[in-house]
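Visitor: Given next are the chains, with one letter for each unit.
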Amino acid sequence: MGDRALDPTFISLPFRSLGDAALTQAGELGATHADFRFERVRYQELTARDGALQGASDREDVGFAVRVVHGGAWGFASGVVLSVEEAVRVAETAVAVARVAAEMTSRPVELAAEPIHDDVTWVSAYEIDPFEVAVRDKTALLVDWTERLRAGAAVEHASAYLLQVRENKYYADLAGTRTTQQRVRLQPGFEAMGSGPDTFDSMASIAPPVGRGWEYLTGGANSWDWDAELAEVPELLAEKLHAPSVEAGSYDLVIHPSNLWLTIHESIGHATELDRALGYEASYAGTSFATPDHLGTLRYGSPVMHVAGDRTVEHGLATIGYDDEGVAAQAWDIVRDGVLVGYQLDRSMGAVHPELNPGPDGSGRSNGCAYADSPGHIPIQRMANVSLQPAPGGPSTEELIGRVERGLYIVGDKSWSIDMQRFNFQFTGQRFYRIVDGELAGQVRDAAYQATTTEFWGSMEAVGGPQTWMLGGAFNCGKAQPGQVAAVSHGCPTALFRDVRILNTVEEAGH
Amino acid sequence: MSATAHPPHTLVERALAASTADDCVVLLRDTTSANLRWANNTLTTNGVMHGVEITVISFVRGADGVRSGSVSGTATDPAGVGALVEAADAAARAASPAEDAADLVGERTSPDWTEPPVPTDIHVYDGVAPRLGEAFARAESQDRVLYGFVNHEVTTTYLGSTTGLRLRHVQPTGHHGCTGKPADLSTSAWVGGATRDFADVDPLAIEAELARRIGWGRRSVALPAGRYDTILSPSAVADLVIDAYWSAGARVAHEGQSVYSRRGGGTRIGERLGARGVALFSDPAYPGLECEPFVTADHSGNESSVFDNGLPLARTDWIRDGELTALLQTRHSATMTGLPVTPPVDNLVLSVDGGRGDVDDLVAGTERGLLLTCLWYIREVDPQSLLLTGLTRDGVYLVEGGEITGVVNNFRFNESPVDLLRRFSQASATGPSFGREWGEDYFSRTATPALRVPDFNMSSVSQAQ
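Protein sequences, first through last, are from chains A and B. Residue numbering for the first sequence follows my numbering, starting at 611 and increasing by one per position. Residue numbering for the second sequence follows my numbering, starting at 825 and increasing by one per position.
Incorrect hints may appear among the rest.
Computed, partial: chain A to chain B, Cβ under 7 Å [what the hints assert, rightly or not]:
(1) Asp668
(2) Val707
(3) Ser805
(4) Asn967
Everything labelled a hint here was simulated from the structure, so no lab data went into it. From a predicted model like this one, the values you see are computed outputs, not experimental measurements. Glycine included, C-beta positions come from ideal geometry on N, C-alpha and C.
Please put together the full structure from these sequences, using the hints given.
Guide: What follows is the structure in structure tokens.
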């Protein structure tokens, strides 16, 4: 738990009385499980372009949901009127929905047990609540960024943005768990745009979204170095606009964490969600090649590949005290020595495969990956922070580059895409540098890397040391039907890969 | 479904009256939805949701321009509304002058302004649910596995302003999708579509179609990466043209940063981008795809302006006879570009003069090629050509001698929809379609033909099944 206190304006809302009423009604109607979740989520988005404020909006979602297991089936309903009468009605609706669903549910819902966490609280680790900072100061910062970028000769247009979220949740269930939590996250960024005689391009900040507050933008130990990046991006864009077009072929790649985090997200994070591996996402995002029958044997990557999942790392976007099913946050291995050893679980997945995370009594347990992005959505298994571990005493980025005779060094993320079983992927980046005889030799443009997941991670020869490790992440990962978004972090070091396919995107377009 | 104690239009009136800003726009959206989801021949999750979101946009005039503040929240009573108004008024006073300032839209009234919201609930599936259960049982008995989702949502929007707007619009949005696999998971098929009320959705018919397509998988053919004569289903075409539409912002094009930019300055409006006879347009009154006939905007951006709330929308031709004729505009970007005001509309139609028949007719006319069910994970690779990457999924079929003779492996493609509108060799008639990727959560009101492309770039093979 961080040093900050729960927001008293949230504490004053009537969630306890609504929760008690809803759970009592659900129990009286015969629910074998019932949970109540009350949320207040605040969003603010600011954008600036070419020296002017472009857009500013504030939004707050307040509401609650009741989820039940009745007759072996799920039932879910939500509401926005904050009264005991409405809470009772929503509970009745959830049970009514479960009765309809029971007719089409051939496999009764089972939930892994969880110790009771009675009346616990948790607040994320941030210093300055961004919602307590005047909008005028925030917009002035963003406008200033665009003006500083446009001072660069190659920069014709510049944009900047700041997304901020403060999330408050209260959870209670029939077993007796009650949690009250609060967390803050934000995503700042900017992009410089320019053109040449026959081309145009852009260069964006590589700053990751974080589970931090306003201190991330103000300089100091807990801030990104915005000044340094604002100073260098115009020249980086200028170089990119005049860079030669990459020659397609096979290259050794040194990938900076600001790009590699996204490859981890798509090819490891999503592939090791157990519900996906068991087919529960088959009609939407797809399934996974990493099915449970391969646990302990699937060679995911080279022996230097160690991947862990957690909802505990400080400032992680998926970090929390207790998930949206009342399960305490945990950390666990997903890939060890290159072999698949674990998955991300919620309570129903923990019950399906109890051997994956034995609880205190030996039966299965969730590892705390349930999350709903709003009061109106049902909690589902969402990605934990999934991170590639550095090598203790491992090499620096420069040392990894030094090991390459002919290759590319990739910094910053851009385009991404992966197939429905998490095999075939294709990524681009903010900038690609040629590596010649162990040294950087200028940028190239029009590059993308394409590979099959296990071949790619199998080609990973080395990972950098802790000094190269960075916590990247995504603010809006999508999953499920109806669609939900979740924020998630991925830590990784710089890493070296051999013989990876590089495409020339102009040639791909047939031009 | 419970009705709040305060009719929505009265909450809008209260908000307008409470604002101390110079002007105010209030958007209230009452949304109800119901969904069912299934996997492995059993229902998994479900839900019935009700939300009321109010957006208050306040405008304050000063010597240096007009400032605006937009605050949204859940509010179902006057006290909640009052808090939003207070926050929006304060946000406007604290803001910088808006670059997109314009006169607010004047008096327009919907005849049904005071009508209550139109709800949906779980009973929209009363006709579907029993047949869905039968479909599960039939699939289970014949060694097939079903996964899928149905969603129905109705949003009633109330738009009011201190300049006299009193507009109401009811928008039903529904879709269904079902993936079927044989028990050994060796192949996959998908059937899906948009619907306004589920009266036209028959799970047993869908399951039968899935069984037919799974049957095509009895013969499996491995093909390498390469360029193929490919029939894109209306679903695949829908997803590709939606991306072309979303990328058609006038400001970004004018600033030289999109495929619609003219080298040397300005936009490519007036230039022939597609083949002759190609038309891409939006129309709020298009039968079956009816959508909001006025602008609603919670915030300002490249293609939206809070000052444009209430602007009437009409048929807008984006491409006519292959020529680019309009881009997505706000009044602010229209001033920048010197072009007409053509705001985005929430539907999209692609038609080709002379396009006739359906997918089966295109198959019959193909000597050797591929038929795609749908596309997935489509992302922009290179904005200069609008090169997109993505995957095929749930059915890539081999066509030989005008017939489907087997199933083929999946591929990753790299193609530009702008190029495809020029390169296709044949088109079917236009009909209602549903993009697998974008239809789910973002854009479900489309009508497109199937298109045959003689040299579609399957850049690499995907092992996904």
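Visitor: Next step is simple, just say for each hint if it's right about the structure.
Guide: Cross-check of the supplied hints:
Because the smallest distance between the Cβ of A/Asp668 and any Cβ of chain B comes to about 4 Å, under 7 Å, the interface hint for this residue holds. About 6 Å separates the beta-carbon of A/Val707 from the nearest beta-carbon of chain B, less than 7 Å, and the hint is met. Satisfaction of the interface hint for A/Ser805 is found here, the shortest Cβ-Cβ separation to chain B being roughly 5 Å, below the 7 Å cut-off. Evaluation of the A/Asn967 hint against chain B yields a violated restraint, the C-beta minimum of about 21 Å exceeding 7 Å.
Hint check: a violation occurs at hint 4 only; the rest are consistent with the structure.
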